[in-house]
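First to last, the sequence lines map onto chains U and S.
According to this note's numbering, the first sequence is numbered sequentially starting from 763.
According to this note's numbering, the second sequence is numbered sequentially starting from 210.
Just so you know, these hints were derived from the structure itself, not from any lab.
Keep in mind that a hint or two might mislead.
[What the hints assert, rightly or not] Listed next, the in silico DSS-like pairs over lysine-lysine satisfying Cα-Cα at most 30 Å (straight line):
1) U/845 x S/245
2) S/272 x S/219
3) U/781 x S/305
4) S/278 x U/781
5) U/781 x U/845
[As the list claims (entries may be wrong)] If the Cβ cut is set under 8 Å, some of the chain U residues that face chain S in the computed set are:
6) 775
7) 781
8) 783
These numbers come from a predicted model, not from an experiment.
Ideal placement from N, C-alpha and C gives every residue a C-beta, glycine not left out.
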Amino acid sequence: MEKSEALNTLNEIRDMMAKSSKVLSLSGTSSVFVGVFAIIASHIANCILENESLAQSEKTIALLSEGALLLCICITTVFLFSKKKANKNNMAFRLDQTTKQMLWHFALPLMVGGILCLALVMNAFYGLTSSMMLIFYGLALYNASSYTYSNAKFLGYANIILGLIDCATGNHAILFWALGFGVCHIIYGIFFYFKHERN
Amino acid sequence: MRDELKNINKAFESKVRLGIMSALMVNEELDFVSLKTLLELTDGNLASHTKSLEELGYIESHKQFVGRKPNTTFNITERGKAAFEEHLNALESFLKLSRG
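Bound conformation, chain U alone (with noise of 0.2 Å):
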């Protein structure tokens, strides 16, 4: 046996349990993408807020009609760029075990939060719902990060720390929203480009 051949060998190795394991075809685009919408929505969240001519439930519906459309926007978005990373590298895009882990870990903490954000937008509680976004926001980034880019943590514990001092502090919900959801994800983008897309 030859050294470059058993180093090849070891470099397999590595790839395969790597690839096995790790959802990969997640790209920064998207997530620099994700970040702009989110800082549109927090402008347009904030005209609804001011505007005067609203009544509180229409408000209501307007915000939640808001998020719904961001929510399906942002999934579209990350769901093109990572089909198109994934035939660009020639990997199969599909809904393997892996990739169904990966979106189980990540979707749980979301639909618990997201349950508990409408409970609490229907009890007139409005001033918590930005940090208890956040809050399981990142947490979802976290629970998901052992099955994609571990770095996608950073992003998770950025959205947590943010949310934590939202609930303490009150009165700033869409600024906090917006570094969170908008900022965040355009650094992470940027960096995750640099790291692993560039060449």
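Fit chain S to the known structure of chain U by using the hints.
Just chain S, lined up with the frame of chain U:
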């Protein structure tokens, strides 16, 4: 054969078997289709390699039905884990020795 090569496991000389073992080392279990896609193999090719690894007692398979479709999942056995680790160690020590 050189002494340091005696622990290099012949069963893992095929790239496909090495791939199967590596993937099963880091996953609790994997189904047939996932393994097939990961290793970019045909059904027949994967089946022959999983069969021989199973005969060696390195992996186990469980067959169940999802609706009407048969779905086979594989997992690594303790024996397989030990054999694979020994193989990795042998590769490593071979590299260390040939460095000097």
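At a threshold of 8 Å, is the proposed contact between residue 781 of chain U and chain S supported by beta-carbon distances? This interface hint holds because 6 Å falls under the 8 Å limit.
Report holds or violated for the interface hint on residue 775 of chain U, using the least CB-CB distance to chain S and a cut-off of 8 Å. Since chain S brings a Cβ to about 5 Å from residue 775 of chain U, closer than 8 Å, the hint holds.
Against the 30 Å threshold, does the CA-CA distance of residue 272 of chain S and residue 219 of chain S hold or violate the hint? 28 Å, holds
For the pair we were handed, residue 278 of chain S and residue 781 of chain U, check the Cα-Cα distance against 30 Å. Distance of about 26 Å is within 30 Å: holds.
Do the alpha carbons of residue 781 of chain U and residue 845 of chain U lie within 30 Å of each other, as the hint requires? 16 Å, holds
30 Å limit on alpha-carbon distance, applied to hinted pair residue 845 of chain U and residue 245 of chain S: OK: residue 845 of chain U and residue 245 of chain S at ~20 Å, within 30 Å.
Holds or violated: residue 781 of chain U and residue 305 of chain S, Cα atoms, limit 30 Å. 26 Å, holds
Quick check on the hint: residue 783 of chain U CB to chain S CB, less than 8 Å? 4 Å, holds
Consistency note: the structure conflicts with none of the earlier hints.
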